[in-house]
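Novice: Mind docking chain B on chain A? Use the hints.
Protein chains in written order, with the UniProt record's numbering: chain A, 1 to 786; chain B, 1 to 225.
Keep in mind the hints are simulated off the structure, nothing from the lab. Predicted model, so just to flag it, every value in this text is computed and none were measured. Backbone N, C-alpha and C define an ideal beta-carbon position, used for all residues, glycine too.
These stretches of chain A come out as covered by chain B in the derived footprint (C-beta under 8 Å, 3 or more residues):
id, stretch
1, 3-13
2, 307-317
3, 320-327
So the derived list for chain A, only partly shown, Cβ under 7 Å to chain B, looks like this:
id, residue
4, Pro399
5, Thr400
6, Leu403
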Amino acid sequence: MLFNYFKIAFRNLLKYKGFSAINILGLAVGMASAILIFLWISHEISYDRFHEKKDRIFEAWNKGSFNGKVSCWNTTPKILASALQSDIPEIETTTRVNWADNYLTRFGDKTIMMKASMVDSTFLQVFSFPVLKGDIQNALMNPSGVVLTASTAAKLFGTDNPIGQTLELNEKFQLIVTAVVQDPPNNSRFQFECLLPWAFLRAQGWDDDYWGNNSTRTYALLKPGSKVESANAKLENFRKKYDRDDPTGGFFLYPIERWRLYSSFTEGVEEGGMIEYIRIFTIVGAIILLIACINFMNLSTAKSEQRAKEVGIRKVIGAMRHNLMGQFLGESILIAFLAGILSLLLVQVTLPAFNTFTGKLVEIDYTNPLAWALWAGFILLTGLIAGSYPAFFLSGFQPTKVLKGTFKKTQSAINPRKVLVVLQFTFAIILIISTLVIKKQINYAQNRNNGYNKDQLLYYFLTGTAEKNYDLIKNELLSSGIATSVTKTSAPLTEGWSNTWGIGWKGKQPDDRTLFDRFCADQQFVKTAGLELVKGRDFDLAAHPADSAAVLLNESAVKAMGFSDPIGQVIQDNGQDWTVIGVIKDFILHSPFAKTQPMVIEGAHGWFNVIHFRLNPTNSVSTNLKNAETIFKKFNPSYPFDYTFVDQAYASKFEEEKKMGSLAALFAGLTIFISCMGLFGLATYMAATRFKEIGIRKVLGASVASITSLLSKDFLKLVLISFIVASPIAWILMNQWLKGYAYKTSIDVWVFVATGFLSLTIALLTTSIQAIKAAVSNPVKSLKSE
Amino acid sequence: MIKISNLEKIYRTEEVETVALNKLSLEVKEGEFVAIMGPSGCGKSTLLNILGLLDDPDAGSFLFNGIEVAGFNERKRADLRKHNIGFVFQSFNLIDELTVYENVELPLIYTGVKPAERKKIVEDVLDKMVIMHRRNHYPQQLSGGQQQRVAVARAVVNNPKLILADEPTGNLDSSNGNEVMQLLTDLNEQGTTIIMVTHSEHDARYSHRIVRMLDGQTVMENIMV
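One chain only, chain A, in its complex shape (with noise of 0.2 Å):
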């Protein structure tokens, strides 16, 4: 019986081919969508789930309180990690992890850049980096071994063996091979190609036992059998016992499976993060398959009165309702199936595109049974979607009606059909007004104000010998004529390393715990930025020597310090004085659409990493740039020059952002795109049934624009229908996603009007085809016909 089902299954898809493309087509990309959408959220839901003690793994995060307000975050106290094991009997062993920094690596001639992590002796028996050679119970204990990836010693050793190689890092550091590592997975948060012990930082004199310095982070292992919410409670008022300049606030212990999918906290308590895009992919991938099965359903209802003479004769010849059912169902697997093999083409072509949009590196394990078997799984399940209304509408035919001619089919005014229109064209307008909104908040972001001018603003790190050499490369830069201006800073323009509560000055509430951002540069700071001077004037070491110990405040600072005279205050940072010489307007230092911090920028007494230069406007670029690198290749040769432009730093900020306008576009352009095939399909389908209808009103005198319009109506109703109640819920929708902007736009009236417009003229476009063609037939054929 089987066989006979897919038998004229196939027969019906030769037999009706422009619709069998519609509905392939249309799952197809549908399908390719879910499976998209279903590949990155797979990747998303597997970080850090390889490590074999995943169960036991907790990362230690902090609890404080800010003038009233709850924070949490995961920067510890390096001292934490020690005192977690001595003080909570729950941990076996804790880990800390520095964040990756690059070291320039030499052995013999060959000299590369290393992504290097400085990690705690125990870190390899806590993560699961599976060791190729060496020894992994030593690999991390010597202060002068380093753990390098597979990939990385290949790139130093080819297939020599590197244990016991000796390698040169940042020309100062020798370092002895101790072990080789796989390299971590993509979907693993620690990304490094080498590991350097604790000791060696020690050994340096980088080590610190101060609780005010949040600078790396801190894993725990749990005991078998511990737990954490008895660990938990002894960590909440933590710093109460070690911490004597900060007292207040603790710790808490975050387990692996929700680092990256939650990890955002408000008022202390865990809220979205991750998770939320992985629930709106999830629902948008739902909704895409939907659609493109409402296609198939619409299509297979509106061509039901071909299929209700086989039902009557299969119900008179002795078919079941069930029998009829499975049929039904077997010709919409049938069809997913096909659309099935079409999906994987697609998102074969289509997966570099993906991964290069979404800096992924999913893949499919054509390998693996469970992949495929999932597949399968998909395909049914689309099958069954598509075609559960189908069957269940069309087995239910009466042969008695169908047979003798007097089936009809119903054409009451709300039919399932439309219905399922207006809830295809709903969602794709939903997704258009988004987009919109989405593209509008970016405009609006990219058009304010940032403070500083990026106009031809660079930065490049102090590596090397760049930092002792500083002096020498501004005045090269300088008279050169290569540059107009040069600052020494703390972090790129574009990025906020430091912040701290502990600014003290005159008048300060001793409960007032104020967060500022801190900066710092050593001379000429306002101009090299470009920034507006309110009051004072700029660093000026030259002119005022004592200016390395002098502050700048922006305006949200002096607002929060309660200055009205700000300019020669004394504040208090890292048990220093610096003395307020000026005051500059606010600029974005980190999100474009948060507000800004109050921020303090102290002056040469403090620490550096990075050089700002406004290349000089009368030359070109190229030459500016080809000019300058010969100085920074004269004082700091074995680094490379590796420069980045402040514009495109600035750009960077709204990468997230823009990804979510082009994701909602793509969806919104594929909602569309299958919604359209479907409307097609219905309209070649109304005209070929109308066919005579059409003749005779145009025998009693209809004009084809008459025609054209009746036809295009009825459907444009439909769309209207689905735009009074889209808009509405897009509102809502978008209204909530600006409010995790404190900088946003406003949902203007346009952006429906838009949208209505946009989506009617497409709809009016896709079936207006069909309408003019039935319209300008010649009425003879049709009513010879009869």
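Specialist: Relative to the frame of chain A, chain B by itself:
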């Protein structure tokens, strides 16, 4: 074989109530060939639908082989139908997407006959109906007479006790029509009971008895000699 008494069927729409069968009684014995005649709208087709277990009467009794089937649910009716009744329609009602062979095979599939056995039975029937040479053709490739022969083949393939024919020659020219009537007569002679609705006095003459209907009732019976 069939005994119906006081059978009623009323069709209702919002505004109109149409009495299709009005306390109709009729008996058909096994092996009989009965023709039912009457003007359009007299209830012939309704009667045939009820006799064919495609429809359910509103009132009255319907004994099929001594079993009361009025009030059977669809599942029971379908089960009884597929084992006992074959249908022949005016418009042939073949499935366009299936070949001659596959159309005839279909009832056997629904009654669960094994493929090897099916092949034998279908080929036998196609042989008998002299349509074997067209076994791989699709209905639209056949003449009307050939299509009706296929329909008759499909009706008899399950070896039904009863064949219901609804104007079987209505769409055929006289020579093809006669051929089909001869087929039905042969089947009847081999023991199959036949009830045929027809407008054609000529066709009705092939039967043993003509039942004439008007307004949902039988008004006259003619025994053919």
